[in-house]
Structures are given as C-alpha cells and as structure tokens.
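Produce the complete structure using the sequences and hints provided.
Listed below, chain by chain, are the residues.
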Amino acid sequence: MTTTDSELTPKTPKLGEEILSVTGLVKHFPIRKGVLQRQVGAVQAVDGLTFNVTRGETLSLVGESGCGKTTTGRLLTRLETPTDGKIVFEGRDISHLGEGRMRPLRRDVQMIFQDPYGSLNPRHTVGKIVGAPFRLQHVKTEHGVKKAVQELLELVGLSPEHYNRYPHEFSGGQRQRIGIARTLALRPKLIVADEPVSALDVSIQAQVVNLLEDLQEEFDLTYVMIAHDLSVVRHVSDRVAVMYLGKIVELADRVDLYEKPMHPYTVALLSAVPVPDTKRKKKQERIRLQGDVPSPINPPPACRFHTRCWKAQDICKSVEPPLVELAPGHQTACHFPENQPTDTPAATADQPKS
Amino acid sequence: MTDSEDLIRPQDSVQRVERGEAFLDVRDLRVHFPTDDGVVKSVDGISFQLERGKTLGIVGESGSGKSVTSLSIMGLHPPGVARISGQIFLDGQDLVTSSREEVRLLRGKRMAMIFQDPLSAMHPFYTVGHQIIEAYRVHNQVSKQVARKHAIEMLDRVGIPQPDRRVDAYPHQFSGGMRQRAMIAMALSCDPDLLIADEPTTALDVTVQAQILDLIRDLQREFNSAVIIITHDLGVVAELADDIQVMYAGRAAEYGTAEEIFDEPQHPYTWGLLGSMPRIDRERSERLIPIMGAPPSLINVPTGCAFNPRCNYAHLNGGASETERPELLDTGNGHKVACHLSPKNRQQAWETDIKPKL
Chain Y
-10 MTTTDSELTP KTPKLGEEIL SVTGLVKHFP IRKGVLQRQV GAVQAVDGLT
40 FNVTRGETLS LVGESGCGKT TTGRLLTRLE TPTDGKIVFE GRDISHLGEG
90 RMRPLRRDVQ MIFQDPYGSL NPRHTVGKIV GAPFRLQHVK TEHGVKKAVQ
140 ELLELVGLSP EHYNRYPHEF SGGQRQRIGI ARTLALRPKL IVADEPVSAL
190 DVSIQAQVVN LLEDLQEEFD LTYVMIAHDL SVVRHVSDRV AVMYLGKIVE
240 LADRVDLYEK PMHPYTVALL SAVPVPDTKR KKKQERIRLQ GDVPSPINPP
290 PACRFHTRCW KAQDICKSVE PPLVELAPGH QTACHFPENQ PTDTPAATAD
340 QPKS
Chain X
18 MTDSEDLIRP QDSVQRVERG EAFLDVRDLR VHFPTDDGVV KSVDGISFQL
68 ERGKTLGIVG ESGSGKSVTS LSIMGLHPPG VARISGQIFL DGQDLVTSSR
118 EEVRLLRGKR MAMIFQDPLS AMHPFYTVGH QIIEAYRVHN QVSKQVARKH
168 AIEMLDRVGI PQPDRRVDAY PHQFSGGMRQ RAMIAMALSC DPDLLIADEP
218 TTALDVTVQA QILDLIRDLQ REFNSAVIII THDLGVVAEL ADDIQVMYAG
268 RAAEYGTAEE IFDEPQHPYT WGLLGSMPRI DRERSERLIP IMGAPPSLIN
318 VPTGCAFNPR CNYAHLNGGA SETERPELLD TGNGHKVACH LSPKNRQQAW
368 ETDIKPKL
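Those sequence lines, one after another, are chains Y and X.
Residue -10 is where the first sequence starts when you use the numbering used here, and the numbers rise one by one after that.
Residue 18 is where the second sequence starts when you use the numbering used here, and the numbers rise one by one after that.
FYI, nobody ran anything at the bench for these hints, they're computed from the structure.
Note that the structure is a prediction, hence the values are computed from the model and not measured.
Among these hints, one or two may not hold up.
[What the hints assert, rightly or not] Keeping only pairs whose Cα atoms sit at most 27 Å apart, straight-line, the calculated DSSO-like set for lysine-lysine is:
(1) 126/X - 268/Y
(2) 372/X - 268/Y
(3) 136/Y - 117/Y
Here you go:
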C-alpha cells in the first residue's frame, strides 16, 4: 500500500535478527528550584538500561508505577532525548537525532498509547486521524488516502463506514482500534505499545490482545510492550524485562521468567498477582513486600531493592549487583538470586497446573 | 413484561434467607436516571442477601451497574437525580424509604465505603487525621484528644509508617497506596457493620494491591463485618469473596458461591469473562477467547436477554433470547443463573466448548 517499504528493505533485519539495541540508556529529569532555576536534583527515571530487541519478537517491560517503563518507551520512540546512552535502530544510532532527521524514521517506529480517550483528537474525524500519518510523511498511496484508511479500519476490525465519524461516537475498545489503525498506517517495523489494554474492560481487552497478535503475525511486527498486568504480559510476550526504580532487575525468556524467576522482586511480583482460583486462597504462599517503592529522586544506594527485600544483606547496601546472565538468556541483577540453575526450582506460584 | 415480573418476583427474590433475616437484604433494587436521551437503567432489578462476616463480590464490566448499586446502599445518589425503587434492608431498616438524615446517621458506624480513587475521595484541604477524627467524633462522644489517639491507632493498624507524624499530613503528601490505606483507616474508624469496597485496588500496583487485600481480610475477621467488594478483576474476588454476583447491563447474570462461579460457571457471559482473561496460574493458552461486540448502552438495552447479541448460544433457545427476559432462577443449592439455555444444552456447551479451553 505504501511506497516506503521498498526503499528501506535492504537495511531491514531478518526475523530473529537484532532490530533495536539499547546500551546504558539513562534519563534524568532535572528538578529546578528558586529564582535562578538552579538544578537541585534529578528524577532518575531511567538509569542505565541495556537490552536488545530482535525482529518479530515481543519484549515486555513490566514493573510498578514509577519504575521508568513509560519513560523507556518514550525514549525508544524518541519522544524524549536520553541523558546518556545509546539507542541503535537498524544499525543507526538514533539517540541524539534531531527532530528533522528523526522524522523519516517515525515511519518505522510507532507508538500505541494507553488512554484511548486522550490520544485521539476529538475534533478530527476518524478518517483524518488515521490518515494523518500519510499526510505528515507525504506518502502517496495507490488509490488515495481515503481508500488506504478504509483498508486500515477493516484491518483492525472496524467498518470502512466509520471514516466520517468522530471519536466520541466510539467505545473505549473501538477507540483503541482507531489508535492501532493510525499506528499501522505506514507499516512500522517497531511498535512501542504503552499499556495498550489496561484501560479496557476484560472482554474487550481480550479482543485487542488477539488483534495485536494477529497483526504481528501478518506484518512481522516487533513489539516493545509496556504493561503492569503480569497475566497479560505472560500471554503476549516472548521475553520480559522486569524493571525496578529505573533499572532492569531481570530479563528473561517468558517461560523462564514465570517458571523460574531469579530476582526476589520478580518472585514477589508474581506471588502478588491475584489468581482467579478459589482453591489457591487457602494456600497463602504470598510474599508480602513491605512499604512502597522508594522515590526515584533519591533511590537507595547499591541494589535499589534492598530496602524491601527479605534476602537483603550488607553487601546489597554497598555493592550494586550487575545484570549478569546466570542461565542461558536469563539475566538477573541480584547478589542472592532465587532458582539458580543448580538449585531445584522452588515451588512458585506460577507453576502450571496439571 | 413488567406484569409478568411482578408475578414471578415473590418466589424469586428470597430463597436462602427468610424475610428480614439477612443483615443486608437487597430486593428488586432499581436505579434509573432520567436523561435527555432517555432513561438510563443502571440497575434494573437486583436482589441479594449478605450476612455479617461474609463477603459478597460483585463483578462486571464498566456500566454494568456495580457502582450504582453500592452508591444506592450508601444513599449517596444526589436527591432528584436517580429514581430508586425496591428495598434495601440493613439490619431490618429499609434504606430506600428512610430520610436522607436517617441514612446519613447510619453512614460511618453502620456502613462505610472505600472508594476507588482515594485522591478525589479525600478532602485535599484537611489533614488525613482531621478527616478521620471528624468521622469518629460524629458517632462517638469523645474529646478531640481521644479521637486523635484513635486516628493514630487506625493509621498504625492499616500499616502506615510513623502514624503519629503522618496523622498531620495532607492527602497529597501520601503515595497512592498510603492514601488508599488512609481511606481504609477512615472507613474502618467506627468499626462499620457493612463495608463496601468499590474497586479498592484498581489504581494500585500489584504488590500494594496484595497488601490492601490482606488488610481488608484481616479487618473483616477482626470486626466481623459484612463486606461487599466491587471489582472487574476476577482474581481479586476469588481471593476475597464467599459469594459472587456477576452483573451485566444492570441485572444479575449469575449468582453463586465463589467455588461455583469459578469451577462450574453457568452463564455464557461468565464463561466469556473467564475466557477473556489470561491466567497466570495455568498453562499459557495460544489465544484468548474474547466476548464479541461491546457492552450495550443502558438507554437501549437489547430486548429479551441483554446479553443475546454477544452470546454464542442465543440461537439454541428458539428465539426466547431475543424476546423474553430471563429471570434469575435457582439451579439448585442456591446457584442462580439468568439464562434461557436448557440444562442439557448448557451442560453440553460447558463440557465441550468452554471447559477444555479455560
């Protein structure tokens, strides 16, 4: 439908090859005070992330609010400029590209937003919203923009007749589909989806999750999914990165992470998920974390989780554990990891039944 | 239509508990909001009973009438906005016919509510302590000092660190989880007999959610309160509820014990909810089974069974789904379902289509 694919194809990595690599990514938001607006501190939203994403996979970033997952998403799409570190997309360093140089790349890197109410302009028709990428990028379509938009609407499960309607005429789930249609307009390669289903009702959530999976299969899309719902994450992801206070504490294959979590924080997160099974109620195998996530303005030294960790010892307060690969493809940043390869896997909450 | 319901109602409404015996007894509650576009039937005939020490979970999607139900019990609908009919007996007293002043006196001591959004439910202008003390002194003739001591105790009880200092903090100085806890402390400060928790953990992170759920459970045990927990998260109700009411478009679709709802659900909507939800405790399924379509507008609820346009089994009922509204009927042992499917068809659909995929 678009002309963009052909000219960029030579650079496009094959399925399973690296499409995005992030090294030492840092984002600090300065806090300024006083008449002179002197910097008195910084919110250390993202503090040294290193990971890569291969084409066709879904990598999920999970963590509690304030852990920096949304900031990471905005850095990857370059809606924010990193304080430090490198973002390489298809072999090209995009970490400090200017607005103008970044614009052509926006065809390839797109974002799905969390709030289907805030992310669509209420004064624009669906046609104008979904057609915007074509206009902004000056993309010529074979049968005109309207035809292209109607095809996109059908693709995401809406009707082509919706072209002239306004966002307020749609339900939350349908709006999210409009947002997805806009995201897909220019056939991006990488989609950063920031909590794409968390604002939706359960029955609608399943529809959108299935749609995202279908689209991924059809167009070989690569997703970086930002989410806090661990059940949804398990369903959609190939790999999962768990974040805590601006750092990745564990990064592993979906199966490994859910069956043999190594970082105590991951273990606690998983055990806290309420399970719709009345028989589990009696077991009470939950790990209760104390207190709240500390402020990212003044995070605890060394291992940032030590203030809430039940395994913490002196070393955790003085030496920061590096993110190292303890099992194939399973990276953990902890001095005393659980479920080490030599151990027998402890009985955790997520072991499949039967 | 309404006539036939009136005939059915007496035998339908109260089965397990005789008239007035239950601590909270809601009978055929209807809450309608007249608007310019038509009457919004947010709650359209629901009945349930709840005993002290028990927890009822009300589950449903947005617009199914869960919150409107709880606000009617609390008497929090502004006068003149909602048309409320039916009966709500709290320990024998009918709240629907009581005056606003009478209901106001019940709030705090007899019944209390935990709201979803603690930031908007607490007054930003007063300290947290002030707000707890105020409620406590309405119902207890004590001095300010005693009430303040009680407020500190309550904050300590819900796990707020340094309660003696935090009692003088303003709501904005608390984090989300702490604010929610402060609100729970406020709701529980007078040991209410009935506690309604409306999406108490939806805005919270999962680790904090676990703390809050534990807290509600512990406090219920301690005070032997009746608890209604309203949520869209089936995991949360499975943790807390003894009985569950599944709501759809202002009516109860299914009512049963938590075990019945999760192990042998009867209503296709409940099947849909369970199938839509990825399960962290089971083998990962390749695909979720969503419910097609979207919840209906409450101004124009589909005729017959409100769920029929989205139901995969509506065609099995020979047209009854489109024309006749199913009543909530007992299928035995108090497990009630509002569905036209014959027991045979239902059993077959559950065994062959649904159960293997959940």
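- Query: Can the restraint linking residue 136/Y and residue 117/Y be considered satisfied, given a maximum Cα separation of 27 Å?
  - Reply: The given pair, whose Cα atoms are some 12 Å apart, holds under the 27 Å limit.
- Query: Quick one, are residue 126/X and residue 268/Y close enough, alpha carbons at most 27 Å?
  - Reply: 34 Å, violated
- Within a Cα-Cα threshold of 27 Å, do residue 372/X and residue 268/Y meet the stated pairing? 17 Å, holds
Violated hint for the displayed structure: number 1, the only one.
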